[in-house]
Amino acid sequence: MGTLENQPPACYNLTMSFFVSLGIVILAMLIMACLQLQPGVFSLFYHYASGKYSKARTSDITLFFILGAETSAACLFLCSYYIADFLFLYKFRPETSFFAWIIAGALLALAIMSIFCYFRPGPGTKLFIPRRCAQNLDSHARTASSRSDAFALGALSGICELPFTLPLYIVTSIEIMEMTVEFFPSNLLTILYIVIPTIPLFITRWKFQLGHNLANIQRSRVKDKNFTRIILSLIYTAIAVLFIYFRILA
Amino acid sequence: MEITNNKTLIKNLKIDAKAIGIPTGAAEIFINKSLTAAQKSLKSKKIITDQDLKLAIVKELRKYNTDFAYVYENHDKII
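Respectively, the protein sequence lines represent chains A and B.
This note's numbering puts the first residue of the first sequence at 1, with every later residue one more than the last.
This note's numbering puts the first residue of the second sequence at 251, with every later residue one more than the last.
To be clear, the hints were calculated from the coordinates, so they are not data collected in a lab.
Just so you know, not all the hints are guaranteed correct.
Stated by the list, open to error - So the derived label-pair ranges between C-beta atoms look like this:
(1) K261(B) to S220(A): 23 to 31 Å
(2) S139(A) to A276(B): 24 to 32 Å
(3) K313(B) to S146(A): 47 to 55 Å
(4) L67(A) to I260(B): 29 to 37 Å
(5) A287(B) to C117(A): 27 to 35 Å
What the hints assert, rightly or not - Simulated pairs of lysine to any residue, SDA-like, Cα-Cα distance not exceeding 20 Å:
(6) K264(B) to R57(A)
(7) K264(B) to S145(A)
(8) K327(B) to R219(A)
All residues carry an ideal CB built from backbone N, CA and C; glycine is no exception.
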């Protein structure tokens with residue numbers, strides 16, 4: 001039985017809770033940066049654009065793709081923040097742990113799915129999304145010719161990735177809610193959470209600008225396919241375990 | 251079937267070639283030669299599927315530029 005002497009001091013609890021939240025948010029950022037749909041659509045879009053337009057125009061419209069991806073991430077994060085707020089009534093309570101178990105279950109399911117279902121079997125890096133959806137993204141990437149098209153394509157690719165990102169958005173929202181505002185600027189973390197997952201897009205853009213072509217980039221994606229699967233699965237599992245242990249069972 | 255007159259196919263191949271960095275003149279020569287050779291190799295077949303056509307073109311393109319062939323072969327396997 002917990003006596004007063006055995007209980008950890010309040011500052012320890014605050015720090016522990018803070019670092020757990022920070023750890024979960026950083027792991028979620030890593031997963032978002034490892035997901036392959038947006039880099040895939042982006043590299044196709046860059047390839048088609050550079051085949052049709054000048055370097056300057058290609059560089060310009062591909063930046064709007066990234067802006068679209070960031071905007072969709074911000075909107076989705078805002079929606080998930082309100083969902084989390086609605087489900088958990090701002091803080092964890094015993095009556096809301098049912099929803100927390102559902103989210104933890106979804107994270108564990110995604111950990112298994114990312115090993116078996118994230119990439120379709122066969123050569124290449126065909127992803128989990130329905131084939132009709134992939135064909136639509138491909139044809140939009142092929143025909144997009146203006147900044148608004150590029151922006152919409154970026155946003156659309158963010159939305160298509162939702163089956164693998166929605167539980168992450170909700171968990172991150174919960175963790176950012178759990179962080180005390182005066183201890184750490186949670187708004188800054190929110191902005192980082194939206195911007196950091198687009199770093200692979202900036203790297204891909206930079207590689208194209210340095211003279212790499214779609215063949216080189218796709219070969220490296222194929223080479224790293226199994227590594228991506230394992231990393232995704234491990235990080236999903238880690239987030240689920242941290243969430244269950246420190247949030248639900250605690 | 252005349253694949254050497256297929257305007258959409260030629261346009262898409264030209265876009266791929268430019269994106270890879272093959273000069274326009276060289277790309278036109280590669281494409282014409284590849285399509286002509288693919289046409290010849292498929293002449294004996296009564297039924298030609300899209301896959302047959304693609305494989306024949308990829309086989310010919312690979313003789314000129316492996317990146318070009320790889321992109322044409324794989325662009326439906328990227329997402």
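Status of the hints after comparison with the structure:
Between K261(B) and S220(A) the CB atoms are about 28 Å apart, so this pair conforms to the stated range of 23 to 31 Å. Separated by about 28 Å at the C-beta atoms, S139(A) and A276(B) satisfy the suggested range of 24 to 32 Å. Between K313(B) and S146(A), the C-beta spacing of about 37 Å breaks the proposed range 47 to 55 Å. Remark: the range hint 29 to 37 Å for L67(A) to I260(B) is upheld by a beta-carbon distance near 34 Å.
The hinted window of 27 to 35 Å between A287(B) and C117(A) is violated, with their beta carbons roughly 40 Å apart. With a C-alpha separation of about 18 Å, the suggested pairing of K264(B) with R57(A) holds against the 20 Å cut-off. Taking the CA atoms of K264(B) and S145(A), the gap is near 17 Å; set against the 20 Å cutoff, the hint holds. Of the supplied pair hints, the one linking K327(B) and R219(A) holds, its CA atoms being roughly 11 Å apart against a limit of 20 Å.
In the structure shown, a violation is registered for the earlier hints numbered 3 and 5, in ascending order.
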